[in-house]
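Quick note, the sequences are listed as chains Z and C, same order.
Per my numbering, the first sequence starts with residue 1, numbered consecutively.
Per my numbering, the second sequence starts with residue 1001, numbered consecutively.
It cannot be assumed that every hint is accurate.
Claimed, not checked - Label pairs and their calculated CB-CB ranges:
#1 C:1042 to Z:56: 16 to 26 angstroms
#2 Z:44 to C:1060: 40 to 50 angstroms
#3 Z:16 to C:1079: 50 to 60 angstroms
Claimed, not checked - Within a straight-line C-alpha distance of at most 27 angstroms, the following computed DSS-like cross-link-like pairs (lysine-lysine) qualify:
#4 Z:22 to Z:52
#5 Z:19 to Z:40
#6 C:1068 to Z:36
#7 Z:52 to Z:40
#8 Z:18 to Z:52
#9 Z:18 to Z:41
#10 Z:41 to C:1049
#11 C:1049 to Z:36
Simulated from the structure, these hints should not be mistaken for laboratory data.
For every residue, glycine included, the Cβ atom is placed at its ideal position computed from N, Cα and C.
Here are the chains, one letter per residue:
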Amino acid sequence: ETGVTQTPRHLVMGMTNKKSLKCEQHLGHNAMYWYKQSAKKPLELMFVYNFKEQTENNSVPSRFSPECPNSSHLFLHLHTLQPEDSALYLCASSQPTVLNTEAFFGQGTRLTVV
Amino acid sequence: AQSVTQLGSHVSVSEGALVLLRCNYSSSVPPYLFWYVQYPNQGLQLLLKYTSAATLVKGINGFEAEFKKSETSFHLTKPSAHMSDAAEYFCAVSDPGSARQLTFGSGTQLTVLP
């Protein structure tokens, strides 16, 4: 248990569906992240939020829409996805300071787009 | 810009043998360095980190890593492999003081043979 909880753990959705992934952290961190992990590819950073403000969007298609209502919660809204979007989506949080930049990860949501 | 190269996407060792997973980094400033482990369908768990204190860092599960500035390396070792060490291992770098997020290597899959 890392203090970062992701739900659901598994999700199967059709290309016309709309769904949301949820991430919650109880570590008092100010930064939260979404990563995509596809088979045989490096971890891809998708979005970064610092103090609830989005500070990075790494050229992610608009069919992925993040939301950070407060510093403890992060959502990833999904709509009209493609089969190549099937992957493990990881949420992480950190308290980025001069002394400490390590990230704590949730267990991920395994997404399958059919 | 910072980057991480992990040499060898797959490493196999016999149970009881030495584990050596290689990581080289590129950074314009003295970096912070991390090793994470990922078990199947799980998130990433921090094994150890280097933050400019001792160059030999001890982590969980008997792993350790040595920061070698002259070689720009941060290789992960364990004297005696256990079956439970089979997992994917990721090296990561961050730029201290700028609150940057982590940059990950592409990962090394460790197989432990009986």
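Verification of the hints:
1. The hint said 16 to 26 angstroms for the Cβ distance between residue 1042 (chain C) and residue 56 (chain Z), and at roughly 25 angstroms that hint holds.
2. At roughly 26 angstroms, the beta carbons of residue 44 (chain Z) and residue 1060 (chain C) sit outside the given window of 40 to 50 angstroms.
3. The hinted window of 50 to 60 angstroms between residue 16 (chain Z) and residue 1079 (chain C) holds, with their beta carbons roughly 54 angstroms apart.
4. Restraint check for residue 22 (chain Z) and residue 52 (chain Z): the C-alpha separation of about 15 angstroms stays at or below 27 angstroms, so the hint holds.
5. Restraint check for residue 19 (chain Z) and residue 40 (chain Z): satisfied, since their Cα atoms lie roughly 25 angstroms apart, inside the 27 angstroms limit.
6. In summary, the hint linking residue 1068 (chain C) to residue 36 (chain Z) is not supported, as the alpha carbons are separated by about 30 angstroms, beyond the 27 angstroms threshold.
7. For a cut-off of 27 angstroms, the pair hint linking residue 52 (chain Z) to residue 40 (chain Z) is broken: about 32 angstroms separates their Cα positions.
8. For the hint linking residue 18 (chain Z) to residue 52 (chain Z), the alpha-carbon distance of about 23 angstroms falls within 27 angstroms, and the restraint holds.
9. The suggested pairing of residue 18 (chain Z) with residue 41 (chain Z) holds, with an alpha-carbon distance near 25 angstroms, which does not exceed 27 angstroms.
10. For the given pair, residue 41 (chain Z) sits about 23 angstroms from residue 1049 (chain C) by alpha-carbon distance, which is consistent with the 27 angstroms threshold.
11. Under the criterion of a C-alpha separation no larger than 27 angstroms, the hint pairing residue 1049 (chain C) with residue 36 (chain Z) is consistent with the structure, at around 23 angstroms.
In this structure, the hints that do not hold are numbers 2, 6 and 7, in rising order.
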